[in-house]
Amino acid sequence: MAGIFRALIVDDDPDLLALIRLTLEYMAGWQVFGASSAAAGLEMARDLVPDVVLVDLMMPQMDGYEFGRRLKSDPTTAGVPLVLLTARTELDQARLAEAGVAGVIFKPFQPERLAQQVRELCR
Amino acid sequence: MTGSDSLEAIRAQFAAGLDGRIEAMRSSLSRLEHAFRAEDADALSRTAHSLVGTAASFGAEALAEAARELENLALGISVGKSCGAEERVAATAALARIEEAARKYQSVTPSTEIGSLAARMAVVGELTSLINATFDLQEIFRSAILMVRRVLDFRRASVVLTDEALQNYYLHTVYDSLRGGFLTDQAVFSIEQGLTGKAIRSGQPIRVDSLPGTEGILSQAGRRVSTMIVPLRVGGRVMGALNFGHEDSGRYTAEDLEWAVVLSRQIETALYYSKLLNTIAQQREDLARQHAAVQRQENQLEALIDASDAAIMLVGRDRTIVYANAMMARLAGIPREAVVGATLDRIHHLLGGSFVDRAALAPQETAISSDEPLNDQVEIAFPLRAVCKRVVAPVRDRDDSLIGHIVLYRDVTREVEADRMKSEFVSVV
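Chains A and B, in that order, are what the protein sequence lines are. Residue numbers for the first sequence follow this note's numbering, so the first one is 20 and each next one is one higher. Residue numbers for the second sequence follow this note's numbering, so the first one is -4 and each next one is one higher.
Honestly, the hints are just simulated from the structure, not real lab data. Backbone N, C-alpha and C define an ideal beta-carbon position, used for all residues, glycine too. Some hints could be false.
What the hints assert, rightly or not - Restraint ranges, calculated between C-beta atoms of paired labels, are given here:
1. B:L252 to A:Q112: 36 to 42 Å
2. A:A113 to B:K193: 55 to 61 Å
3. B:Q133 to A:G119: 47 to 53 Å
4. B:A321 to A:E62: 31 to 37 Å
5. B:K193 to A:G122: 33 to 39 Å
6. A:Q129 to B:E95: 22 to 28 Å
7. A:Q129 to B:S102: 22 to 28 Å
8. A:V68 to B:G347: 57 to 63 Å
9. A:M46 to B:S25: 25 to 31 Å
10. A:E117 to B:S25: 46 to 52 Å
11. B:Q162 to A:F125: 48 to 54 Å
12. A:A113 to B:S25: 36 to 42 Å
13. B:E253 to A:A113: 37 to 43 Å
14. A:E117 to B:R83: 37 to 43 Å
Take these sequences, add in the hints, and give me the full structure.
And the structure:
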């Protein structure tokens, strides 16, 4: 399946996870993998080394900042672009920088623009 | 199934799941009304926050706005560490607005025909890709249950696994839509108990249209409920079961059960790979333990050799020095680090210079070349004049294959001198 853009979505909200998965699979033709917790997401990121990881900021146990910090501190996944998904408008810039975030997409996202937004942030 | 159909299905799933979200927020708020607990305030703000982002992405703006209001109130309660009368009234009102907005959203969201064959096959396909990409059993089961929600109506779904002895089964993953989603309930049951135990014992799927509800089964005491239980097998052995329950009677058809069996075959694949990975991990651990044991033996051997006052070296099959102690290094006249790894020819060349008669080296060379043991005495002049007992012996593995030679020089000058004096004494007497 070389050449297909592969995205990993990490979000504890199953409905949003399904919506993003569907949006990116059908509208952009990406191969999308989903994880419902940050811990599972880190494990999957190590196994898959996807082209991009989209992670929800507010998750129980481990938030998106900490997820990013761990993703970037692992040599296997350090080079994977990370995009943060959030409904919050106030962000901790220091923690954003520490998490090595390529960009932020604010909820609600526009399904038809989501793939393009992610691509632009990963450039 | 097209993308548009799928989107409608997910939208319908979101709409149907709103009741569960509202119930979860109501429960948190209800607990806060009795007493402040940080985890309840946190749960309330998280559930509301989750709804804000998701509802807005599904185009439910009014719902998102009401949820944001409740999230802010919950954050205030969390920061203030109390839930006073004013906060309670405001939060209850916000929750009522959420409920109202949810009803409006549900009324305009067409409920898709749940359980079409195409939709169900799509779920099986998604599950296959999930299994290929995920090695975490919990994640597989959770994702599988969420996927199934799109095509099968249930209130409660669970995966149970049996213990090795096949005496008990325990809850592994539990989902209850009216209790806020996945639960962390832990329970162990005898396989002699209940319908699940019966399915595990018989290895046959079970569908019951009208089961008496109890506190333990969907909390519907006094009502009739529906359930489907499909055993999961790995390597021909029942390892657990997949359960679905609905709080109404007569909810599941024969087709539902057939599809649940197809689904369980996919989950069995997940179990198989998980087991395979565990086996590989176990083997790796065993190898690591064996390696550590060998390392300990090597360390003990090296310590013994180092503690000896004899000069000792181990020669590998490739005629390089595998190990040598400090005494051997002194005998060779070079640092120990230079002895280890050196060729036998080089060490023999150096040792030859230590002998009173260089020709005494020849039997040693012959013994090593022919794998014959050697046990004799030699006189050395360096680093001090001495008589040494020399032992050369082949070292063999358990299967008798040659792994090298041990060469040992022990200073027996005093014994030789004592023997000589004894002989002289005897001859004088």
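Tested hints:
{"no.": "1", "hint": "B:L252 to A:Q112: 36 to 42 Å", "verdict": "violated, 54 Å"}
{"no.": "2", "hint": "A:A113 to B:K193: 55 to 61 Å", "verdict": "holds, 58 Å"}
{"no.": "3", "hint": "B:Q133 to A:G119: 47 to 53 Å", "verdict": "violated, 27 Å"}
{"no.": "4", "hint": "B:A321 to A:E62: 31 to 37 Å", "verdict": "violated, 49 Å"}
{"no.": "5", "hint": "B:K193 to A:G122: 33 to 39 Å", "verdict": "violated, 54 Å"}
{"no.": "6", "hint": "A:Q129 to B:E95: 22 to 28 Å", "verdict": "holds, 26 Å"}
{"no.": "7", "hint": "A:Q129 to B:S102: 22 to 28 Å", "verdict": "holds, 25 Å"}
{"no.": "8", "hint": "A:V68 to B:G347: 57 to 63 Å", "verdict": "holds, 59 Å"}
{"no.": "9", "hint": "A:M46 to B:S25: 25 to 31 Å", "verdict": "violated, 41 Å"}
{"no.": "10", "hint": "A:E117 to B:S25: 46 to 52 Å", "verdict": "violated, 38 Å"}
{"no.": "11", "hint": "B:Q162 to A:F125: 48 to 54 Å", "verdict": "holds, 53 Å"}
{"no.": "12", "hint": "A:A113 to B:S25: 36 to 42 Å", "verdict": "holds, 38 Å"}
{"no.": "13", "hint": "B:E253 to A:A113: 37 to 43 Å", "verdict": "violated, 55 Å"}
{"no.": "14", "hint": "A:E117 to B:R83: 37 to 43 Å", "verdict": "holds, 38 Å"}
Hints 1, 3, 4, 5, 9, 10, 13 from the earlier list are contradicted by this structure; the remaining hints agree with it.
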